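Asks: One-letter residues, chain by chain:
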Amino acid sequence: SQTIHQWPATLVQPVGSPLSLECTVEGTSNPNLYWYRQAAGRGLQLLFYSVGIGQISSEVPQNLSASRPQDRQFILSSKKLLLSDSGFYLCAWSLRGPDTQYFGPGTRLTVL
Amino acid sequence: SQQGEEDPQALSIQEGENATMNCSYKTSINNLQWYRQNSGRGLVHLILIRSNEREKHSGRLRVTLDTSKKSSSLLITASRAADTASYFCATDRSGGGADGLTFGKGTHLIIQP
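If you're matching them up, the sequences are chains A and B in order. Each position in the first sequence, counted from 1, maps to that position plus 39 in our numbering. Each position in the second sequence, counted from 1, maps to that position plus 2 in our numbering.
To be clear, the hints were calculated from the coordinates, so they are not data collected in a lab. This one's a predicted model, so the numbers in the text were calculated from it and none came from an experiment. Treat each hint with caution, since some may be false.
Said to hold, decoys possible - Subject to a maximum C-alpha distance of 25 Å in a straight line, what follows is the list of computed SDA-like cross-link-like pairs (lysine to any residue):
(1) B:Lys28 with A:Lys119
(2) B:Lys28 with A:Arg81
(3) A:Lys119 with A:Glu98
(4) B:Lys107 with A:Leu86
Go ahead and model the full structure; you've got the sequences and the hints to work with.
Replies: Written as structure tokens, this is what we have:
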């Protein structure tokens, strides 16, 4: 069966520090991968998606970036965090673009 | 931009009652999905309804889709305390590409024991 992992589960970082969040998927090949951010009490905002290794599409301008170095690995990064980067970051995968997405447990990021 | 908008934002009912949540969207879609999120957790997929379907059932869940009104409803029958969660509708983009889903802000459902 397929599983999706995210780490770390929680993270507290100072403003201006770098960020690296990792997401890995097991049990499937060539998935579509997604990063979403959820602000407190809000819905999910799509940040990045990827249809293959090295292929990244960005949805919103921001100081975050994403990379997909391996088929089942998706990384969210920042060189310098802002206070507004605080939130709940969710990684998801799907087999086909508009179909069911399967979410990881999320990473709660607090920038102080 | 916000595609799905759930209504109501919050709903509190007694255990055993039925809970109905609504979702409206703005653009053409290929499908609409409903997800559940327990506090501080990831989202769990509940049900997907395609644009050529009008109603779909899964256990205690019933979803309807009215593409002419660009709206959907999620009905949870015989609610249980474990149904307490936030519920989100999500739509794809009508191009059908891989570019993610657009989520509403969710309905926070509380089931009172």
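Asks: Determine for every hint whether it applies to the structure shown.
Replies: Cross-check of the supplied hints:
no. : hint                  : result
1   : B:Lys28 with A:Lys119 : violated, 35 Å
2   : B:Lys28 with A:Arg81  : holds, 19 Å
3   : A:Lys119 with A:Glu98 : holds, 19 Å
4   : B:Lys107 with A:Leu86 : holds, 16 Å
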